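Engineer: Single-letter residue listing:
Protein chains: 2
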Amino acid sequence: MSLIVQKYGGSSLADAESIKRVAKRIVETRKAGNEVVVVVSAMGDTTDELLDLANEVTPLATGRELDMLLTAGERISMALLAMAIKSLGQEARSYTGSQAGLITDAKHGSARIVDVSPTRVRAALDGGAIAIVAGFQGFNRGTGDITTLGRGGSDTTAVALAAALKADVCEIYTDVDGIFTADPRVVPNARKIDRITSEEMLELAAAGAKVLYIRAVEYARRHGVTLHVRSSFNNNEGTLVVNPKEGESVEEPIISGVAADLSEAKITVIGVPDVPGKAAQIFTLVAATDANIDMIVQNVSTAATGLADISFTLPKSEGARVLKALDDDKRLVGFHSLQYDDQIGKLALVGAGMRTNAGVSAKLFTALFEAGINIEMISTSEIRISVVTRADTINEAVRVVHSAFGLDGEEVAKVHGGTGR
Amino acid sequence: MSLIVQKYGGSSLADAESIKRVAKRIVETRKAGNEVVVVVSAMGDTTDELLDLANEVTPLATGRELDMLLTAGERISMALLAMAIKSLGQEARSYTGSQAGLITDAKHGSARIVDVSPTRVRAALDGGAIAIVAGFQGFNRGTGDITTLGRGGSDTTAVALAAALKADVCEIYTDVDGIFTADPRVVPNARKIDRITSEEMLELAAAGAKVLYIRAVEYARRHGVTLHVRSSFNNNEGTLVVNPKEGESVEEPIISGVAADLSEAKITVIGVPDVPGKAAQIFTLVAATDANIDMIVQNVSTAATGLADISFTLPKSEGARVLKALDDDKRLVGFHSLQYDDQIGKLALVGAGMRTNAGVSAKLFTALFEAGINIEMISTSEIRISVVTRADTINEAVRVVHSAFGLDGEEVAKVHGGTGR
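Those sequence lines, one after another, are chains A and B. So for the first sequence, my numbering puts the first residue at 3; every next one is plus one. So for the second sequence, my numbering puts the first residue at 3; every next one is plus one.
Calculated from the structure, these hints are not laboratory results. You may find that some hints are simply not true.
As the list claims (entries may be wrong) - Only part of the chain B face toward chain A is listed, based on derived beta-carbon distances under 8 Å:
#1 K22
#2 A63
#3 G65
#4 R77
#5 L167
#6 L334
#7 V335
Claimed, not checked - Result set (DSBU-like, lysine-lysine): computed pairs, CA atoms no more than 35 Å apart in a straight line:
#8 K318/A with K365/B
#9 K168/A with K326/A
#10 K109/B with K365/B
#11 K22/A with K326/B
#12 K22/A with K280/B
This structure is a prediction, so every number in the text was calculated from the model and none was measured. All residues carry an ideal CB built from backbone N, CA and C; glycine is no exception.
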């Protein structure tokens with residue numbers, strides 16, 4: 003008997019009909035002899051509707067009350083799903099994050115899981131029931147308050163429960179067939195990846211692949227949870243995200259995939275005195291704004307001026323905040339000026355095989371050069387190369403790179419409506 | 003400094019605008035130097051919408067999951083109200099029934115409060131905040147599950163908190179100006195009652211007055227909580243429901259009001275052997291169905307037949323169930339047949355003054371007789387007389403009785419849209 007954690011996103015639970023369809027699928031998994039724990043997001047657009055309501059009441063909604071409000075969403079979907087399963091003759095019990103033992107810190111809106119004690123979930127399974135757990139939410143012991151985990155929180159809930167319950171697999175259901183070598187809307191003949199390491203998946207997620215959230219992949223990697231990303235609209239095998247043990251030989255392609263991200267902007271700090279500690283000073287200011295910095299590039303200062311330029315990328319939504327923080331301390335740091343550019347695109351090529359394969363960067367830069375695409379920033383990790391280009395060339399860049407590394411498939415990938423949440 | 007518990011129903015919290023209006027009112031109460039605890043129902047039609055959703059998923063929704071679903075409603079309204087209050091510069095914190103210490107038994111859908119320990123609510127008040135509490139819901143310690151209190155549950159929550167916190171008054175906000183001597187839609191010149199004893203209010207509520215639920219009034223009476231029923235749409239004084247101490251002299255009119263109820267049906271058990279224990283046998287069967295029996299009348303058996311007829315009234319919704327239970331044991335009890343009549347109306351005249359005033363029944367029966375209205379059943383308590391008539395004569399009956407006892411006012415009462423919940 004296997005223990006399977008299944009996570010269904012809002013698009014798989016859009017209305018009563020969808021909930022009944024998902025219930026049937028869950029009951030089939032149970033009847034095949036598995037123990038099943040299901041993690042749910044809020045139905046369809048519920049979360050957005052609740053946010054709209056909050057906004058009508060006040061644009062200044064605070065963390066604690068906003069979390070109280072938003073957690074109503076999963077409460078509705080989990081209760082309905084439990085009812086639907088029971089109406090199919092299978093015992094089911096729904097649990098809030100708090101009841102399922104998802105203990106977090108007190109940071110409302112983006113709480114971190116600090117402990118998982120799914121005693122009641124385990125008891126429900128032992129009693130032969132299917133356990134339904136509200137995703138995205140937790141409980142802080144110190145304040146006694148309800149918290150939420152932030153974007154992609156339901157994926158994280160599913161992975162955390164899978165780890166705590168020592169599940170055989172954590173299935174993430176979405177409305178696409180799995181992880182692709184590139185976004186099928188940009189590269190129509192992108193191939194579904196059958197198997198990928200969590201390390202590569204992490205780089206793809208960080209580089210903008212939307213199907214899985216980086217936090218969930220990190221958690222899965224740290225706890226050795228196997229993920230299976232698949233569609234709730236068919237029974238196809240999806241993508242397995244695995245954690246090969248140290249030294250374990252994994253037959254894998256050099257390159258797993260290409261991801262693109264248009265959600266970032268670039269800030270350039272111009273005329274930074276080239277003396278020790280200046281970069282530290284700048285990024286201490288930036289860190290104080292809680293912004294998520296991605297790529298950082300510093301050019302070499304010319305001896306003549308003794309001044310350097312430092313560029314970094316960050317989410318567009320955080321641009322104004324960081325610009326203000328830097329400008330406030332312009333004199334202290336002693337730079338000349340700031341430049342802000344929100345017309346950039348980021349492309350990342352990911353693959354564990356590039357560790358042992360020379361020439362990957364050369365091939366990437368050549369492909370972009372031949373397509374006439376200019377590279378503005380470069381940053382590399384052991385299994386990833388990222389480049390920044392103009393936003394309007396990013397799709398073309400993804401296509402030429404995808405093709406240059408032999409990732410193109412023969413069929414055109416089927417795409418359902420939109421990406422999962 | 004007074005401690006005031008305020009309860010707002012769904013019609014007072016229909017949308018973002020209403021919530022902001024209510025928030026303003028609450029902040030005014032706080033700024034006048036009072037400690038304020040607010041109990042909320044779900045917004046407008048939320049509860050009905052959630053029930054519709056459940057019904058789409060399965061008509062067989064069970065207690066535990068239905069309670070989990072429905073409690074999402076108050077969660078939304080309380081969080082929004084807390085946000086609205088905070089946006090006015092006043093500290094506010096919302097609490098679920100469980101967080102507010104509303105401990106109940108495990109009977110899902112109609113749980114009884116067994117303990118109230120509002121530690122966190124008290125702490126919020128001590129910290130200068132306004133506490134918002136979800137009405138209608140509680141927590142069972144044995145199962146660790148969320149429960150709901152059933153119809154009128156938010157009123158009960160408010161009264162229970164008022165009792166536990168030793169509040170000075172529990173204000174029940176609704177969309178009418180208070181308790182009237184009769185339903186203003188039936189008797190346009192009905193008068194608002196300024197002051198009524200909880201004993202009388204109990205009789206009026208039991209007799210069909212919809213503004214307050216009987217359970218809340220019972221709880222208030224048992225714990226000596228003063229209720230103030232008033233409109234959330236104006237600042238008029240409403241109706242005070244008081245608990246005079248034993249022997250305390252209360253200046254009060256003989257008759258407080260007239261209530262009517264069209265929601266009941268009458269079952270007559272025909273040809274019951276007139277031997278000891280038969281009535282007990284019948285009502286044991288009825289009790290096993292959990293039905294709420296109201297009036298019971300048994301006629302005298304004629305010596306010739308040795309058979310009696312027993313009639314009783316009960317909510318129409320419970321008619322089929324009770325008929326079946328009786329019919330199943332027809333042979334055992336030995337009656338002839340059953341009659342079911344759902345075209346009855348019940349009128350109740352309530353007033354503590356009738357204890358010491360002879361002739362109230364005579365006056366009531368005379369008024370009905372003169373209006374040509376036939377009386378089918380009569381039952382009396384110390385401060386109430388109820389009669390059953392044909393359903394289509396009930397409004398006329400209310401009007402003539404209201405007039406006969408001098409309750410008619412000079413003005414026509416203002417009625418807002420519908421009764422509160």
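Engineer: So, for every hint listed, does it hold in this structure?
Structural biologist: Now the hints, each set against the structure:
1. K22: With a closest approach of 6 Å, the K22/B hint holds.
2. A63: With a closest approach of 5 Å, the A63/B hint holds.
3. G65: violated, 11 Å
4. R77: Holds - the Cβ of R77/B comes within 8 Å of chain A, reaching about 4 Å at its closest.
5. L167: violated, 18 Å
6. L334: Where the cut-off is 8 Å and the nearest Cβ of chain A is about 35 Å from L334/B, the hint is violated.
7. V335: Result: violated, 37 Å to nearest chain A Cβ.
8. K318/A with K365/B: violated, 80 Å
9. K168/A with K326/A: Between K168/A and K326/A the Cα gap is close to 46 Å, so the pair fails against 35 Å, i.e. violated.
10. K109/B with K365/B: Roughly 44 Å between the alpha carbons, so the hint for K109/B and K365/B is violated.
11. K22/A with K326/B: holds, 33 Å
12. K22/A with K280/B: violated, 49 Å
The structure does not agree with the numbered hints 3, 5, 6, 7, 8, 9, 10, 12 stated previously, though it agrees with the rest.
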